[in-house]
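Peer 1: Starting from the structure of chain X, add chain Z where the hints point.
Here is what each chain is made of, one letter per residue.
Protein chains: 2
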Amino acid sequence: MMNNLKLFLRYDGTPYHGWQMQENAVSVQGELTKAAERILGHRPTIYGCSRTDKGVHANIFCCNFRTPVSRDCEKIAYGFNAVLPESISVLSCEYTDDGFNARFDCRGKEYIYKIWNDRRRNPFLLHYALHYPHELDTEMLNRQCADYIGTHDFTSFCAAGSSAVSNVRTVFDCDIQRQGSLVTFRVHGDGFLYNMVRIMVGTLLDINAGKLEKDSIPQIILEKNRLSAGVTAKAHGLYLNKVYYD
Amino acid sequence: MMNNLKLFLRYDGTPYHGWQMQENAVSVQGELTKAAERILGHRPTIYGCSRTDKGVHANIFCCNFRTPVSRDCEKIAYGFNAVLPESISVLSCEYTDDGFNARFDCRGKEYIYKIWNDRRRNPFLLHYALHYPHELDTEMLNRQCADYIGTHDFTSFCAAGSSAVSNVRTVFDCDIQRQGSLVTFRVHGDGFLYNMVRIMVGTLLDINAGKLEKDSIPQIILEKNRLSAGVTAKAHGLYLNKVYYD
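As you go down the protein sequences, you meet chains X and Z in turn.
According to this note's numbering, the stretch in the first sequence is residues 32 to 277, in order.
According to this note's numbering, the stretch in the second sequence is residues 32 to 277, in order.
Okay, chain X solo, but in the shape it has when bound:
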């Protein structure tokens, strides 16, 4: 009999070429697969809730795989943490319904994007927040964020090379808040296209810098053209922050 094991992870994406296993590149999925092989004695196919990019972090990430092992879950979590690189932590582990799939059953995700908005760089956030040394009008940008909310075709916010069948996604909530020099963009949606959050942030930064017009997001969405939106903000400020399941 095969069990379906669900894991929640947290990882620092700095040393990884993203979630997905690739030839000749260190990935979170690859490290987790190797760890599973060591502690469970077989090499499972691990399904992740998302493909995070190179350098993107996860405060929470869900994955699952099938295993004949039926050991105590706490021991499995402990085993993973003993053999995984320290930059990945298994937060919890449980046996779940046979039909559960971390990717297809995911009902929504929240991403955050951190910006260190200060003339001086912050040595502690070099890999954990974008350094943006110019003035950032977060009140104005927070009003722009409201234009992302809703069900839209987000083609303008999708990097070339995406294999998505439909580019329609629903953004439930979106805002940007300041705490001292740390500015945090937050977006909760039912799903996200390739690079979508980073382009949403880059578009806000381009509006802030006057490269794109204020209140232009509805028009950018309508144009369904990647060239209408702003730059793709760097990966290292981005965190998968929450994942939602029924």
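To be clear, the hints were calculated from the coordinates, so they are not data collected in a lab.
Bear in mind the structure is a predicted one, so any value in this text is a computation, not a measurement.
A virtual CB, placed ideally from N, CA and C, is assigned to each residue, including glycine.
Hints are not guaranteed to be accurate.
Lysine-lysine pairs mimicking DSS-like chemistry, simulated, CA-CA at most 27 Å apart [unchecked claim]:
| id | chain 1 | residue 1 | chain 2 | residue 2 |
| --- | --- | --- | --- | --- |
| 1 | X | 145 | X | 85 |
| 2 | Z | 85 | Z | 245 |
| 3 | Z | 106 | Z | 273 |
| 4 | Z | 145 | X | 273 |
| 5 | Z | 145 | X | 145 |
| 6 | Z | 273 | X | 145 |
| 7 | Z | 145 | Z | 85 |
| 8 | Z | 265 | Z | 85 |
| 9 | Z | 85 | Z | 65 |
Restraint ranges, calculated between C-beta atoms of paired labels, are given here [stated by the list, open to error]:
| id | chain 1 | residue 1 | chain 2 | residue 2 | range |
| --- | --- | --- | --- | --- | --- |
| 10 | X | 101 | Z | 212 | 27 to 35 Å |
| 11 | Z | 209 | X | 56 | 35 to 43 Å |
| 12 | X | 245 | Z | 166 | 46 to 54 Å |
Peer 2: Quick look at chain Z alone, frame taken from chain X:
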């Protein structure tokens, strides 16, 4: 004419063998001296407010040196940040009184020590907080902290090899607070002996673990014996957090 230049820094201590310049080891003072040589054209003697140990961080650090250069301060700060490693940031730069010395004029310092108190490690805090997976009774420990306050001979909290003439120091304030899984110890005093803060934290952890008795800090202080106090907590949780001048 020589100017006296005062700098405030922030640095991530992870890659450094502490503040002080040494043969065959990378230090903050060494990097700063090299940077000064590049941007000012001479190799100054830099005086630091403190000698932080290997791996210890600084949210704020003050230093000064003499220079014949009289360039605009903002340009000097900019120059330093352009050539320094990214793990060091010059926060500010100003010309000060000729007599000012960052070490001898320092009237007090605040250190913080961060503890990640959770069964699971935090990948983002590997080098920035001690991972303590066992239960931590912060209310009880906060009561113990009160016993550090006052003017005492802190010989029991001083590592061997210290060259201090007197081991009497005044702790103005000391507490430990929890925010979720992050526990922060904070101490403000007129000065600190070698490893003093790390031994204060290690002693609290030993009290928490039952290796030392509750309410034993006054007695440990009285014994003036390093062996009476607890372990030296690891360096990577420690931050110089504030420095006070008249």
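Peer 1: Of the numbered hints stated earlier in the document, which are not met by this structure?
Peer 2: 2
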